[in-house]
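Sequence order for the protein chains is A and B. Take 1 as the starting number for the first sequence in this note's numbering and just add one per residue. Take 1 as the starting number for the second sequence in this note's numbering and just add one per residue.
No lab work stands behind these hints, which were simulated from the structure alone. Do not take every clue at face value.
What the hints assert, rightly or not - Covered stretches of chain B, as calculated for chain A (at least 3 residues, CB under 8 Å):
no.	region
1	208 to 221
2	280 to 286
3	316 to 329
Don't be surprised by glycine CBs; every beta carbon is placed ideally from N, CA and C.
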Amino acid sequence: MKMIMAVVKPHRMDQVRDALTAIGVHGLTATEVKGYGRQGGHTEIYRGAEYQINFVPKMKLEVAVSDDLAERVVEAIREAANSGQIGDGKIFVYDLGSALRIRTGESDNEAL
Amino acid sequence: MSKNLYRAGLASLAVTLSATPAVAAEATMSGADTAWILTATVLVLFMTLPGLALFYGGLVRANNVLSVLMHCFAIACLASVMWLIGVYALAFGDGGGAQAFIGGAEKWFLLGVGQDTLSGTIPETVFFMFQMTFAIITPALIVGAYVERIKFSAVLLFTGLWLILVYAPVCHWVWGGGWLGEMGVMDFAGGIVVHVTAGTSAVVLAKVLGGRRGFPGELRPPHSPGLTMIGASMLWVGWFGFNAGSALAADGAAGMAMTATHISAAAASLTWAVLEYIRFGKASLVGIVTGMVAGLATITPASGFVGPIGALFIGIAAGVVCQYAVDMVKQTLKIDDSLDVFAVHGVGGALGTLLAAFFGATALGGMGLAEGTGMGGQFVTQVIGVVAGLVWSALLTLLIIKVVQATVGLRIDTEDEIVGLDLVSHGERGYDL
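Turn these sequences into a full structure, and let the hints steer you where they fit.
Quick look at the structure:
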């Protein structure tokens, strides 16, 4: 099993969800986060004064999938989140030790 | 209106007209005037609660929003009680031998003022309440200078002393029968009394207090421009009570003041936004509503004296001059008058007071200067008024700051400033973040 963690632009969330649903992913966890990468931050101007915004808002997704699905999930997220601009985000893949569905007690691939 | 009512109205009008010479001999209460000033009083209180509070609240960091609302609210309560006790007496009571400089020989706790006591054509209680709302918003304007870093006890002590030592005398000089009013200074609704005093005291206090942590390079931006816009819109509406109410009558002067007020606000907003677009490539919401406040503060002293075209010019001037004044205070002088009280209110109030000398003249569409007074002569009088308000406010504010520093202290420590005043001073948080 793999845990796929992706950081993407907030306004790409709907496309990502649609793409994952299309390949049979039935759930994910999303978190509002802030951070910086190559995009750096940006400046905002209020009453003539510049304010440096160093942390950019992003969405963090966590998707647990079986090994055979992992590569397609990564590709689906990449396509859905790609706008071609700096700041589109990154995708990380970890090995996942175990999984358990709380209600039924099913484990590992059964639980995904 | 039904025909009967219309006829009855005509009949009473006829009676009023025929009775005019007799009426002039003794003051009588006007129901129309009273109704309008009651309404205007409500509008001006609404400017502070919650208009100004929200306007300022949106401009600070999220962890200080409640403290700003609290400052405005507490100041409203404190000013009201002090107004009853004696600040009204000092501002508007007869001053006896010292009348040119201060009132205070009568009317403490409103003693001697009953239900039937009149002030002009309205009950004195209504005049008292109307003027009280001015005494509330003026120290509340100063909140913008010290947000995010002042002790709450300092806010209360400063405000209390400021009302006695700055607001009461200057208000008396201009409106209470004091020397500036006698000299012929034109200040319809408080360019000097409200905006020059508040603006000047704000910049002096900000200078002594020091900037917010991170000023000027590393500040956090306003946390809620939307809240600021909502508050600004309430200010705009409430300002009709402020300026048109200052006619103290439901008449043509009130109507013209309202017209001038609205046009100036709209023109200043547009001017600010266009100038911002030219300078920075974007017109911002915070910018356009700041322009609105500048336009309103600037028209305030002139509102009952100028025509609509004069108001248009005054608004345009406000949008340009106040915007550059913001840069001057923050970037050139490096004073963290955090929400630009001096640049918007002080500079705007002074600008409008000076321009009233010109746009008040009939030649420029105004209602006319005092008989025998030219624009030049009136301008000199206006300059004296502005300088007097400015110098008095600055000096007495320095004195008050010394008292506050020596007693409760002025500023919170750095650690508390990072946490924010909401938790540190009030034990609450505005948002669950």
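**Asked** Three or more residues of the region 280 to 286 of chain B near chain A by CB distance under 8 Å?
**Response** Holds: 4 residues of the region 280 to 286 of chain B have a Cβ under 8 Å from chain A.
**Prompt:** Okay, the region 316 to 329 of chain B and chain A, do three or more residues pass the C-beta test at under 8 Å?
**Reply:** holds (count 3)
**Prompt:** With a Cβ-Cβ cutoff of 8 Å, does the region 208 to 221 of chain B contain at least three residues near chain A?
**Reply:** holds (count 5)
Hint violations for this structure: none, all hints satisfied.
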